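Residue numbers (numbering that gives the first Met the number 0), protein chains in the order written: chain R, 0 to 374; chain D, 0 to 374.
Derived by calculation from the structure, the hints in this document are not laboratory data. Any given hint might turn out to be false.
The list treats identical chains as one, so a pair stands whether inside a single copy or across any two.
Straight-line C-alpha distance at most 20 Å; calculated EDC-like pairs for lysine to aspartate or glutamate [as the list claims (entries may be wrong)]:
(1) K174 to E367
(2) K140 to E367
(3) K154 to D314
(4) K305 to D268
(5) K140 to E364
(6) K305 to E124
(7) K328 to E50
(8) K47 to E320
(9) K290 to E217
(10) K153 to D23
(11) K5 to E367
(12) K328 to E51
This one's a predicted model, so the numbers in the text were calculated from it and none came from an experiment.
2 protein chains.
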Amino acid sequence: MPLDFKVVHRSKLSRARAGEIHTDHGIIRTPSFIAVGTNGTVKALDNKTVEEIGVELMFCNTYHLMLQPGPDVVARAGGLHSFVRRRLPIITDSGGFQVFSLAYGSVEGELKGKGTKKQANQVIEISEEGVTFRSYRDGRKVVLTPEISVEAQKKFGADIIIPFDELPPYHIRDKALQESLERTHRWQLRSLETHRSAPLHQSMYGVVHGGINLALREQSLRFLLGHPFEGIAIGGSMGKTKDEMRSILRALSENLPNDKPVHLLGIGDLESLPFGVASGVDTFDSSYPTKAARHGLVLTRSGPLKIGRSIYANDLNPIDETCRCATCKHYSRAYLHHLFKAAEPVKDTLLTIHNLTYMVDFMHELRESILEDLI
Amino acid sequence: MPLDFKVVHRSKLSRARAGEIHTDHGIIRTPSFIAVGTNGTVKALDNKTVEEIGVELMFCNTYHLMLQPGPDVVARAGGLHSFVRRRLPIITDSGGFQVFSLAYGSVEGELKGKGTKKQANQVIEISEEGVTFRSYRDGRKVVLTPEISVEAQKKFGADIIIPFDELPPYHIRDKALQESLERTHRWQLRSLETHRSAPLHQSMYGVVHGGINLALREQSLRFLLGHPFEGIAIGGSMGKTKDEMRSILRALSENLPNDKPVHLLGIGDLESLPFGVASGVDTFDSSYPTKAARHGLVLTRSGPLKIGRSIYANDLNPIDETCRCATCKHYSRAYLHHLFKAAEPVKDTLLTIHNLTYMVDFMHELRESILEDLI
Numbered sequence: 000m001p002l003d004f005k006v007v008h009r010s011k012l013s014r015a016r017a018g019e020i021h022t023d024h025g026i027i028r029t030p031s032f033i034a035v036g037t038n039g040t041v042k043a044l045d046n047k048t049v050e051e052i053g054v055e056l057m058f059c060n061t062y063h064l065m066l067q068p069g070p071d072v073v074a075r076a077g078g079l080h081s082f083v084r085r086r087l088p089i090i091t092d093s094g095g096f097q098v099f100s101l102a103y104g105s106v107e108g109e110l111k112g113k114g115t116k117k118q119a120n121q122v123i124e125i126s127e128e129g130v131t132f133r134s135y136r137d138g139r140k141v142v143l144t145p146e147i148s149v150e151a152q153k154k155f156g157a158d159i160i161i162p163f164d165e166l167p168p169y170h171i172r173d174k175a176l177q178e179s180l181e182r183t184h185r186w187q188l189r190s191l192e193t194h195r196s197a198p199l200h201q202s203m204y205g206v207v208h209g210g211i212n213l214a215l216r217e218q219s220l221r222f223l224l225g226h227p228f229e230g231i232a233i234g235g236s237m238g239k240t241k242d243e244m245r246s247i248l249r250a251l252s253e254n255l256p257n258d259k260p261v262h263l264l265g266i267g268d269l270e271s272l273p274f275g276v277a278s279g280v281d282t283f284d285s286s287y288p289t290k291a292a293r294h295g296l297v298l299t300r301s302g303p304l305k306i307g308r309s310i311y312a313n314d315l316n317p318i319d320e321t322c323r324c325a326t327c328k329h330y331s332r333a334y335l336h337h338l339f340k341a342a343e344p345v346k347d348t349l350l351t352i353h354n355l356t357y358m359v360d361f362m363h364e365l366r367e368s369i370l371e372d373l374i
Numbered sequence: 000m001p002l003d004f005k006v007v008h009r010s011k012l013s014r015a016r017a018g019e020i021h022t023d024h025g026i027i028r029t030p031s032f033i034a035v036g037t038n039g040t041v042k043a044l045d046n047k048t049v050e051e052i053g054v055e056l057m058f059c060n061t062y063h064l065m066l067q068p069g070p071d072v073v074a075r076a077g078g079l080h081s082f083v084r085r086r087l088p089i090i091t092d093s094g095g096f097q098v099f100s101l102a103y104g105s106v107e108g109e110l111k112g113k114g115t116k117k118q119a120n121q122v123i124e125i126s127e128e129g130v131t132f133r134s135y136r137d138g139r140k141v142v143l144t145p146e147i148s149v150e151a152q153k154k155f156g157a158d159i160i161i162p163f164d165e166l167p168p169y170h171i172r173d174k175a176l177q178e179s180l181e182r183t184h185r186w187q188l189r190s191l192e193t194h195r196s197a198p199l200h201q202s203m204y205g206v207v208h209g210g211i212n213l214a215l216r217e218q219s220l221r222f223l224l225g226h227p228f229e230g231i232a233i234g235g236s237m238g239k240t241k242d243e244m245r246s247i248l249r250a251l252s253e254n255l256p257n258d259k260p261v262h263l264l265g266i267g268d269l270e271s272l273p274f275g276v277a278s279g280v281d282t283f284d285s286s287y288p289t290k291a292a293r294h295g296l297v298l299t300r301s302g303p304l305k306i307g308r309s310i311y312a313n314d315l316n317p318i319d320e321t322c323r324c325a326t327c328k329h330y331s332r333a334y335l336h337h338l339f340k341a342a343e344p345v346k347d348t349l350l351t352i353h354n355l356t357y358m359v360d361f362m363h364e365l366r367e368s369i370l371e372d373l374i
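One chain only, chain R, in its complex shape:
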């Protein structure tokens, strides 16, 4: 069954809404923070722990999973849920983002989770059909088209899937951006057709493009709403500053669908979340909290804290004594500081548990605020 989106409450103050996305693998209460599990696992956590933290949706990358372990292995295991042992909902992207990052180099740090081989990626050809590139893993030629991406995503079997799209660079002339947008739309329709030929239990979100050109953004949203996508994602370049991102959300906000869930791709820092929610976005994915944890940056109500600082060497308090996470229940700042200084791998596990819990609870509080019309 495709997803069922129920709006529980619409704020009287803004476009924010509290909702529930019902899927075959459970309910995502929105607004919700989506943890990034590129290779089918959140970095340094096992999937059981991710569920225990209360992460209701996990984001996996088709690009990575297609190259390793490959869609067929996952399919034989009975799909991604079964392969990675996650009972709760999963979303996969199309692979487009990674492939075009390679081509244009416009997005930094996108391939951090790429494994051990350092061989550079290389885009060989971009055509109407799709993209040909060399695998960073073993140098073999890989072709990615709307059909191939969606077929891979069918084998993965995530609850929410994303059509193959083109991601033009930030610096692009208007005419080229317009052409790119039209191709993205054609690719998304091909993706949608492949999806609808065998929907299974999956739902596909159309991805709004148009870069920082607000007219194109609005045009893209209108176009997608004319087709039977089960949700809307906002993708592509969101600009270089928070202001540019806010302009785009402001331009789209009014026309975002009332009856379909809205996802903001790749943005989930603490500063952007309230504005996104107030603009009508329901779900956000970002590697921010997990990456921050690996750098010793710990999220707290009074701002992020650098656990490696010497002031924590003797601090026997937990990170946050009101926090429900296993790290705060068991360990002191002094111990976490020690693990960090000693470069013990378990520091990543313990700090990621905390940071993800923080994000989940932060979103629960935003949800409460919506229910009380405070946001």
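Go by the hints and put chain D onto chain R.
Chain D only, in chain R's frame:
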């Protein structure tokens, strides 16, 4: 209270015995495998998980903990158990092993767990008083003497502690070895005196030295048994081959105490364990299973398995379907293979859980064999 050692059964076939070491933090059922948690944590596992696996004793390194976080921080936290949140027994060594590895370079890979700074260690002076060396962490001068080592171990508060000893290199003339042994004994008596001036709940094991000289080994054991150590550890160079190690154990076996626990320092590979147990050794520490896990070497009843091999890419079975560990209960070989190939940090956690469980269960089975006079 110092430890209380109860022998439950002595094998009719060998010197093997099934026992219980009672400590203030619980009972260690012997023979037992001791996990290495150099910096107060087993690599890639949190201490709660280590307890859940059933690791009844954890081995921490005074050398590392003395340099970071330092004995005072640990003491202020209420001791190592409280600082690292382990409720079960802990043993600390004296730091001697690491310091002398630096001086003589006789032991490879001893400093794998040393943290991020790559600065070389350096021994400045060895005298009757003790050893002066430069910290690998920050280059500062550190003095280690029997008194300083034991005082640090008092602050750590482990259940079992080790006297400061000298570790001569494998290649040493007999006369020098004899002199080293005498100094080691003097240092151990100074350590014992410091210990007995404030025993707390701790017990100190005397460390048998003498390298591969069997006469000196026997002399060392006799010497130690003449002093009120609460247990015996077998340390120093055990030779370069398994045969040399077996000769040493054979030479000591007959005179090992009946009423005190016996520990074999730094040896715990699957091949050596049954021979050690049959020789009268009760506990063994080794980083073998945890290090193996990080290299993708998985322990099974039919021999170790390299999870990175391509034959596991499609293998949807658990590592071992009869294994009780969380990894085998939840994840397939194919998924673990994928995590390994993708260099996902959680692979170390999942494979270490399995390997440590394997060791714990392996020792339980050896214990059963003793109870049935089969070993």
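Okay, the hints, checked on the actual structure:
no., hint, result
1, K174 to E367, "neither (44 Å within a copy, 78 Å between copies)"
2, K140 to E367, "neither (49 Å within a copy, 56 Å between copies)"
3, K154 to D314, "between (49 Å within a copy, 17 Å between copies)"
4, K305 to D268, "within (17 Å within a copy, 39 Å between copies)"
5, K140 to E364, "neither (47 Å within a copy, 51 Å between copies)"
6, K305 to E124, "neither (44 Å within a copy, 38 Å between copies)"
7, K328 to E50, "both (18 Å within a copy, 16 Å between copies)"
8, K47 to E320, "between (24 Å within a copy, 19 Å between copies)"
9, K290 to E217, "neither (32 Å within a copy, 55 Å between copies)"
10, K153 to D23, "within (15 Å within a copy, 56 Å between copies)"
11, K5 to E367, "within (16 Å within a copy, 59 Å between copies)"
12, K328 to E51, "both (14 Å within a copy, 17 Å between copies)"
In the structure shown, a violation is registered for the earlier hints numbered 1, 2, 5, 6, 9, in ascending order.
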